[in-house]
Amino acid sequence: MDISNITNKIKLKSNTLFKNDFLLTWDKSQQELELLLEIAEALKYLRANNHSCKVFDSGLAVSLFRDNSTRTRFSFASACNLLGLTVQDLDETKSQISHGETLRETATMISFLSEVIGIRDDMYPGLGHTYMKDFSAALNESYSENVLPQKPPVINLQCDLDHPTQSMADLMHLKNHFGSLENLKGKKIAMTWAYSPSYGKPLSVPQGVISLMTRFGMDVSLAHPEGYELFPDIVDKAKAFSHKFGGSFNVTNSMDEAFKNADIVYPKSWAPFAVMQERSVLLRNDKHKQLEELEMQCLKQNAEHIKWECNSEKMNLTNNALYMHCLPADISGVSCKQGEVSADVFEKHRINTYKQAGYKPYIIAAMIFASKFKLPGEKLKELLLNSSQRIK
Amino acid sequence: MDISNITNKIKLKSNTLFKNDFLLTWDKSQQELELLLEIAEALKYLRANNHSCKVFDSGLAVSLFRDNSTRTRFSFASACNLLGLTVQDLDETKSQISHGETLRETATMISFLSEVIGIRDDMYPGLGHTYMKDFSAALNESYSENVLPQKPPVINLQCDLDHPTQSMADLMHLKNHFGSLENLKGKKIAMTWAYSPSYGKPLSVPQGVISLMTRFGMDVSLAHPEGYELFPDIVDKAKAFSHKFGGSFNVTNSMDEAFKNADIVYPKSWAPFAVMQERSVLLRNDKHKQLEELEMQCLKQNAEHIKWECNSEKMNLTNNALYMHCLPADISGVSCKQGEVSADVFEKHRINTYKQAGYKPYIIAAMIFASKFKLPGEKLKELLLNSSQRIK
Amino acid sequence: MDISNITNKIKLKSNTLFKNDFLLTWDKSQQELELLLEIAEALKYLRANNHSCKVFDSGLAVSLFRDNSTRTRFSFASACNLLGLTVQDLDETKSQISHGETLRETATMISFLSEVIGIRDDMYPGLGHTYMKDFSAALNESYSENVLPQKPPVINLQCDLDHPTQSMADLMHLKNHFGSLENLKGKKIAMTWAYSPSYGKPLSVPQGVISLMTRFGMDVSLAHPEGYELFPDIVDKAKAFSHKFGGSFNVTNSMDEAFKNADIVYPKSWAPFAVMQERSVLLRNDKHKQLEELEMQCLKQNAEHIKWECNSEKMNLTNNALYMHCLPADISGVSCKQGEVSADVFEKHRINTYKQAGYKPYIIAAMIFASKFKLPGEKLKELLLNSSQRIK
Numbered sequence: 001m002d003i004s005n006i007t008n009k010i011k012l013k014s015n016t017l018f019k020n021d022f023l024l025t026w027d028k029s030q031q032e033l034e035l036l037l038e039i040a041e042a043l044k045y046l047r048a049n050n051h052s053c054k055v056f057d058s059g060l061a062v063s064l065f066r067d068n069s070t071r072t073r074f075s076f077a078s079a080c081n082l083l084g085l086t087v088q089d090l091d092e093t094k095s096q097i098s099h100g101e102t103l104r105e106t107a108t109m110i111s112f113l114s115e116v117i118g119i120r121d122d123m124y125p126g127l128g129h130t131y132m133k134d135f136s137a138a139l140n141e142s143y144s145e146n147v148l149p150q151k152p153p154v155i156n157l158q159c160d161l162d163h164p165t166q167s168m169a170d171l172m173h174l175k176n177h178f179g180s181l182e183n184l185k186g187k188k189i190a191m192t193w194a195y196s197p198s199y200g201k202p203l204s205v206p207q208g209v210i211s212l213m214t215r216f217g218m219d220v221s222l223a224h225p226e227g228y229e230l231f232p233d234i235v236d237k238a239k240a241f242s243h244k245f246g247g248s249f250n251v252t253n254s255m256d257e258a259f260k261n262a263d264i265v266y267p268k269s270w271a272p273f274a275v276m277q278e279r280s281v282l283l284r285n286d287k288h289k290q291l292e293e294l295e296m297q298c299l300k301q302n303a304e305h306i307k308w309e310c311n312s313e314k315m316n317l318t319n320n321a322l323y324m325h326c327l328p329a330d331i332s333g334v335s336c337k338q339g340e341v342s343a344d345v346f347e348k349h350r351i352n353t354y355k356q357a358g359y360k361p362y363i364i365a366a367m368i369f370a371s372k373f374k375l376p377g378e379k380l381k382e383l384l385l386n387s388s389q390r391i392k
Numbered sequence: 001m002d003i004s005n006i007t008n009k010i011k012l013k014s015n016t017l018f019k020n021d022f023l024l025t026w027d028k029s030q031q032e033l034e035l036l037l038e039i040a041e042a043l044k045y046l047r048a049n050n051h052s053c054k055v056f057d058s059g060l061a062v063s064l065f066r067d068n069s070t071r072t073r074f075s076f077a078s079a080c081n082l083l084g085l086t087v088q089d090l091d092e093t094k095s096q097i098s099h100g101e102t103l104r105e106t107a108t109m110i111s112f113l114s115e116v117i118g119i120r121d122d123m124y125p126g127l128g129h130t131y132m133k134d135f136s137a138a139l140n141e142s143y144s145e146n147v148l149p150q151k152p153p154v155i156n157l158q159c160d161l162d163h164p165t166q167s168m169a170d171l172m173h174l175k176n177h178f179g180s181l182e183n184l185k186g187k188k189i190a191m192t193w194a195y196s197p198s199y200g201k202p203l204s205v206p207q208g209v210i211s212l213m214t215r216f217g218m219d220v221s222l223a224h225p226e227g228y229e230l231f232p233d234i235v236d237k238a239k240a241f242s243h244k245f246g247g248s249f250n251v252t253n254s255m256d257e258a259f260k261n262a263d264i265v266y267p268k269s270w271a272p273f274a275v276m277q278e279r280s281v282l283l284r285n286d287k288h289k290q291l292e293e294l295e296m297q298c299l300k301q302n303a304e305h306i307k308w309e310c311n312s313e314k315m316n317l318t319n320n321a322l323y324m325h326c327l328p329a330d331i332s333g334v335s336c337k338q339g340e341v342s343a344d345v346f347e348k349h350r351i352n353t354y355k356q357a358g359y360k361p362y363i364i365a366a367m368i369f370a371s372k373f374k375l376p377g378e379k380l381k382e383l384l385l386n387s388s389q390r391i392k
Numbered sequence: 001m002d003i004s005n006i007t008n009k010i011k012l013k014s015n016t017l018f019k020n021d022f023l024l025t026w027d028k029s030q031q032e033l034e035l036l037l038e039i040a041e042a043l044k045y046l047r048a049n050n051h052s053c054k055v056f057d058s059g060l061a062v063s064l065f066r067d068n069s070t071r072t073r074f075s076f077a078s079a080c081n082l083l084g085l086t087v088q089d090l091d092e093t094k095s096q097i098s099h100g101e102t103l104r105e106t107a108t109m110i111s112f113l114s115e116v117i118g119i120r121d122d123m124y125p126g127l128g129h130t131y132m133k134d135f136s137a138a139l140n141e142s143y144s145e146n147v148l149p150q151k152p153p154v155i156n157l158q159c160d161l162d163h164p165t166q167s168m169a170d171l172m173h174l175k176n177h178f179g180s181l182e183n184l185k186g187k188k189i190a191m192t193w194a195y196s197p198s199y200g201k202p203l204s205v206p207q208g209v210i211s212l213m214t215r216f217g218m219d220v221s222l223a224h225p226e227g228y229e230l231f232p233d234i235v236d237k238a239k240a241f242s243h244k245f246g247g248s249f250n251v252t253n254s255m256d257e258a259f260k261n262a263d264i265v266y267p268k269s270w271a272p273f274a275v276m277q278e279r280s281v282l283l284r285n286d287k288h289k290q291l292e293e294l295e296m297q298c299l300k301q302n303a304e305h306i307k308w309e310c311n312s313e314k315m316n317l318t319n320n321a322l323y324m325h326c327l328p329a330d331i332s333g334v335s336c337k338q339g340e341v342s343a344d345v346f347e348k349h350r351i352n353t354y355k356q357a358g359y360k361p362y363i364i365a366a367m368i369f370a371s372k373f374k375l376p377g378e379k380l381k382e383l384l385l386n387s388s389q390r391i392k
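Each protein sequence line maps, in turn, to chains A, B and C.
For the first sequence, my numbering begins at 1 and goes up steadily by one.
For the second sequence, my numbering begins at 1 and goes up steadily by one.
For the third sequence, my numbering begins at 1 and goes up steadily by one.
There may be inaccurate statements among the hints.
The list makes no distinction among identical chains, and a pair is therefore deemed to hold if it is satisfied within one copy or across any two copies.
Straight-line alpha carbon distances no greater than 20 Å define the calculated EDC-like cross-link-like pairs of lysine to aspartate or glutamate that follow [unchecked claim]: (1) LYS392 x GLU382; (2) LYS374 x ASP57; (3) LYS133 x ASP67; (4) LYS348 x GLU278; (5) LYS392 x ASP57; (6) LYS337 x GLU378; (7) LYS381 x ASP57; (8) LYS185 x ASP256; (9) LYS185 x ASP219; (10) LYS392 x GLU313.
Worth flagging that the hints you see were computed from the coordinates, not collected in a lab.
Note that the coordinates shown come from a computational prediction; the quantities given were computed from them, not determined experimentally.
Make the full structure from the sequences, and use the hints.
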């Protein structure tokens, strides 16, 4: 890889990500998304070649996980560490938040010396994104009132609408797998629902994928059983993007149709939107019995679609497709009796799913980097020319 | 701000905080407290101007929170990170402490490569301060026996008696708000009890405030309903300080009297001392039923004083007073039905309470700094002249 | 200490620990173990003399504790921090592991930018070591498939078979206490069972001690009541080592016999191997009632051997022995009614047990150091000659 080319290329771009949050990919321009990919590539190169990427000598990076996480937690920790930031987890069970502390207040209290805030809040439709916006607004107020010496950008580590660190890592994976963004044009990607014996999985991954891949000239086919629709607004966005960027977008209720001649398949379970909304209301009102009933009903509904499994029969319909998954997958006979993907298909593509996951730390690091440095290309060049080694 | 003046001023002072714990403000001299404020100001200036404050290249800072915390946890983490230390939390639920490890042993086991220990233990009257003293004594023994290569200072992050990182941050806020410590002379501060629908709040904040502000020539008025007395010893200290330092101190059972012509008001709930003592005994003996009864009885007692709310009527009695709170406040109609402060008064002063909170990281950093460097002024000057930047 | 001598000595040795895990001491050569001790001494010297030991500018160190821990947790944190690594804890309760994530996958997901993995998994005989091997194999696969840019070594922080960071710290303590490894030849060490009112303590400490000390020419006497046998394979190893390295090894059912003329005693409780195996099966199958019955039965069995206490009467049998314990000890009348050691004996030797514990951070740091640098002597010399100070 010619890193000088990349840093020179980056140098020429204006960086409108500077001082901004990263909440939704569709709020960002094409140029901004490409800039991020280039910064991520450059950071990956620098680390691989033992250059120090430590642009911060001190500073906290706050993580707030309102749902369990391994991959994203470690990706965020890795990204922050690479740049020199120290992660401080805001563990709501150990804090006084339960004692009446408001979001607005908390946002400020944890940010006096913080450089970035990463939030995962994906459980309740209509809430996660709103929470992040409110959090960011509170930080803006405190910055403008001279309470904070800086306004830490908020990075969306998964909300109810989008999962940008995932979808951008997916895009980086596709770019590397197929050689360039240019090469993605005309490639067919099947973003399909798949059966899982669990329920309540967020919709943000499929929503993130269809709304991003339609911007790179891909033929995006969204498939799911009836009743498993995504957020209508985001489906509309995907449609509009496909028109604007010269790809295509279609929705089908047939997994086979989506898989047919696909170059990439992304079979993954998610909950019906209506169920997630009902669940939100029940959870907020502590209606445990109704929640159990909802779960039963939802699992029953899932069970009608047990054939939505990515197996070799299905894979044979494709154009020797690349299999993708955000992990962990529900693997039939391995992590569950019957799941999203058959054991043989998963095993064949397992290493590729690991590679896919491996881009996430660099995507997160690039998001932080771009939000912190007005001239990321100059800064990356400095790191390249600097003699400081990561391992001495 | 003329930082050179500050560092020069600091250079001239002998630093008797060197190698010492910071447990109680009243154990420290006037000069020591002023030195701390100056170091805190200098560190704040250095960070704001992108100077590295990283005086440690490695080293652990241990935090031990025996009560929930957001603000203090993040303040401690921020302070340590600013100086180059890495926080390692001693989470008693994940440790073997429950398996019979003694305090004396634990203190040493966590300190082999540790530079500072921060402890919050504010739940039981008669215990928190003692715990910190014992912890420190154990560290002293191990240092003198060549078990430890250094004796990490213990920083009180709130005990049953005092909350010095809070009261010193409060003082720093007042100094900045009114322009100088000199300007605080003759200012009236009302440290008053306020109604809250919760119970069991520690007494260390009001105790810390009355025992500190009386040392800077302020007119301190302590107000609470009958039965909500503070630790008698500390009230006596405040009285003695007011005589020595030319201010005044009075205790009243009328919120109005305290608020009258006050320049600063600090209305905050706390538990009756007697209740806290009884609670201690019950908690240690796992008497859950009696604890519930005590809580009921205490809430009933609180409810008799529901009029102790800081509202605009009360604020009209003051000399256009600065409202202070250590946060989170119980805000009527916001975080509870009826609480310490009305929503309109809190909203008007909200930003100021955030500013107040923002000094805490620097106060903690200054406490660590002073305990670690014999000549803090020289060291700060080095940081000022050093070309090392915090963000590169 | 002549650090130049040490670093020169280290420079002459080939480092076959480079790029390898550290799982069991008996997988390592004599030369490798001695190299580790020398690196540990050098790092201890460097830190004591305020030299920076920060060989990493960034990088994560993952800790995975499947059992509670204070000492080992802080030792690992201290070691990593000394070298410049940031610990990220893999807390299985906060991760998605429970949601069907496989070990193989998890290993890779947490390692994209990680430099070392420390694992404690000591609860189930037959499982801990296997888990670590599987974890390491997964990392090797991902490294060979270009998923990981490095293969982080796995450090055993205690498994079912061995506790190498403990036994090596114990050896370092003995080396320093008696002046040299050479001086350990012919010294008698009594590794004996002792009574404890708890049950289920791992066997890895006695197993680690007998299999390590027999390699340094010591006379190792293992004593326990009938029914408290250790893993037979490891007892065989100790026997073989004693023949090979010119010491002796005997097993007895008499505490007195072991203590007689001992230069070192290490009295410590452990569970019967058969009980641990049965417990493993019951735990894996969630048989709570049977587990309780097993515990009752085991405690009853323990109670028959309440006289296995290290008290002054027993100590009088020894050659003024050094008392050792990995801590926390069950101290009669202090941490329990009747335990492993009498209060007076423990108090007399308490400081020495603290010293023993204090070597562990340096042993862990040495294990990481040796796995990361092909020429550890060169690297240590660089740190010695480098002007970079730990505290500036």
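How the hints compare with the structure:
In the homo-oligomer, the alpha carbons of LYS392 and GLU382 lie at most 20 Å apart both inside one protomer (18 Å) and across protomers (10 Å), since each shortest distance falls under that limit. Taking the shortest alpha-carbon separations for LYS374 and ASP57, only the intra-copy value of 18 Å comes in at or below 20 Å, while the best inter-copy value is 24 Å. Taking the shortest Cα distances, LYS133 and ASP67 sit within 20 Å of each other inside one copy (18 Å), while across copies they are farther apart (30 Å). For a Cα distance limit of 20 Å, the shortest separation of LYS348 from GLU278 qualifies neither inside one copy, at 38 Å, nor across copies, at 38 Å.
For the identical chains of this complex, LYS392 and ASP57 are neighbours both inside a copy (17 Å) and across copies (8 Å), given an alpha-carbon limit of 20 Å. Taking the shortest alpha-carbon separations for LYS337 and GLU378, neither the intra-copy value of 53 Å nor the inter-copy value of 54 Å comes in at or below 20 Å. In the homo-oligomer, the alpha carbons of LYS381 and ASP57 lie at most 20 Å apart both inside one protomer (18 Å) and across protomers (18 Å), since each shortest distance falls under that limit. Within a single copy, LYS185 and ASP256 get their C-alpha atoms no closer than 22 Å, and across copies no closer than 74 Å, so neither meets the 20 Å cut-off.
Only within a single protomer do LYS185 and ASP219 lie at most 20 Å apart by alpha-carbon distance; the minimum there is 8 Å, versus 74 Å between protomers. For the homomeric pair LYS392 and GLU313, neither the shortest alpha-carbon distance inside one copy (51 Å) nor that between copies (54 Å) is at most 20 Å.
Hint violations for this structure: numbers 4, 6, 8 and 10, all remaining hints satisfied.
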